[in-house]
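**Student:** Take a look at the letters that make up each chain.
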Amino acid sequence: AQSVTQLDSHVSVSEGTPVLLRCNYSSSYSPSLFWYVQHPNKGLQLLLKYTSAATLVKGINGFEAEFKKSETSFHLTKPSAHMSDAAEYFCVVSISGNTGKLIFGQGTTLQVKP
Amino acid sequence: DSGVTQTPKHLITATGQRVTLRCSPRSGDLSVYWYQQSLDQGLQFLIQYYNGEERAKGNILERFSAQQFPDLHSELNLSSLELGDSALYFCASSVDGGEGDTQYFGPGTRLTVL
Numbered sequence: 001a002q003s004v005t006q007l008d009s010h011v012s013v014s015e016g017t018p019v020l021l022r023c024n025y026s027s028s029y030s031p032s033l034f035w036y037v038q039h040p041n042k043g044l045q046l047l048l049k050y051t052s053a054a055t056l057v058k059g060i061n062g063f064e065a066e067f068k069k070s071e072t073s074f075h076l077t078k079p080s081a082h083m084s085d086a087a088e089y090f091c092v093v094s095i096s097g098n099t100g101k102l103i104f105g106q107g108t109t110l111q112v113k114p
Numbered sequence: 001d002s003g004v005t006q007t008p009k010h011l012i013t014a015t016g017q018r019v020t021l022r023c024s025p026r027s028g029d030l031s032v033y034w035y036q037q038s039l040d041q042g043l044q045f046l047i048q049y050y051n052g053e054e055r056a057k058g059n060i061l062e063r064f065s066a067q068q069f070p071d072l073h074s075e076l077n078l079s080s081l082e083l084g085d086s087a088l089y090f091c092a093s094s095v096d097g098g099e100g101d102t103q104y105f106g107p108g109t110r111l112t113v114l
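In order, the protein sequence lines correspond to chains S and G.
Numbered continuously in this note's numbering, the first sequence closes out at residue 114.
Numbered continuously in this note's numbering, the second sequence closes out at residue 114.
A hint or two may mislead.
[As the list claims (entries may be wrong)] The calculated lysine-lysine pairs, modelled on DSS-like cross-linking and capped at a C-alpha distance of 27 Å, are: (1) 57/G x 49/S; (2) 58/S x 57/G; (3) 68/S x 49/S.
[Said to hold, decoys possible] Chain S is nowhere near these chain G residues, computed Cβ spacing over 12 Å in every case: (4) 61; (5) 77; (6) 90; (7) 110.
None of these hints come from the bench; they were simulated from the model.
Note that beta-carbon positions come from the ideal geometry of N, C-alpha and C, so glycine has one too.
All chains, full assembly: derive it from the sequences and hints.
**Tutor:** Right, here's the structure in full:
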């Protein structure tokens with residue numbers, strides 16, 4: 001069965017420094033993976049998506065993620081954090097088969113300090 | 001704005017009551033999904049509909065039911081409400097509802113059961 005594990009429940013960075021949010025997945029095949037962001041009291045917004053094309057995926061707002069099959073990882077990075085990046089980030093895997101069912105990680109809260 | 005609308009935004013009710021949450025998908029999307037977000041369980045998939053038919057089911061309680069109407073809007077019915085049903089309920093929609101299909105989320109309905 002597919003699953004995702006977000007390795008950090010909370011990450012704190014200073015504005016202007018790099019961001020790394022870690023995610024490992026478990027799947028018997030190459031899955032579809034997503035990163036979503038949730039700002040306080042808002043819905044979920046898609047940051048980026050991997051579906052077995054390029055392993056380096058570029059998303060919105062300067063975020064990108066790299067699919068590494070050997071490490072079963074899909075870490076999210078951004079070169080320089082902005083105050084507006086403070087939010088909850090979810091790593092998500094799509095279940096195989098003819099459904100769109102998504103399995104969410106537990107989330108990582110990103111704090112950006114001035 | 002994702003194009004997915006949910007009503008109401010907030011709902012406060014008492015234990016034992018029944019409520020209905022409504023979702024309108026993005027124009028052109030045939031599949032609708034319901035998710036529950038709570039502090040202890042995180043984000044969990046409840047159910048998926050595709051063009052009026054149930055396609056996938058998650059850990060949805062028997063007290064909960066949903067349907068998708070011919071105009072593709074969907075309703076989630078929650079009955080015999082308990083304190084533990086208090087949560088944020090998200091609706092999402094996608095074009096064809098298959099694996100890896102990008103889901104766009106609505107702003108959510110916050111349910112408080114007193």
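**Student:** Hints first: check each against the structure and report whether it holds.
**Tutor:** Now the hints, each set against the structure:
1. 57/G x 49/S: 23 Å, holds
2. 58/S x 57/G: 32 Å, violated
3. 68/S x 49/S: Holds, at about 14 Å.
4. 61: Holds, since 17 Å exceeds 12 Å.
5. 77: For residue 77/G, whose nearest Cβ neighbour in chain S is about 20 Å away, the distance exceeds 12 Å, so it holds.
6. 90: Label violated. Min Cβ-Cβ 7 Å, cutoff 12 Å.
7. 110: 9 Å, violated
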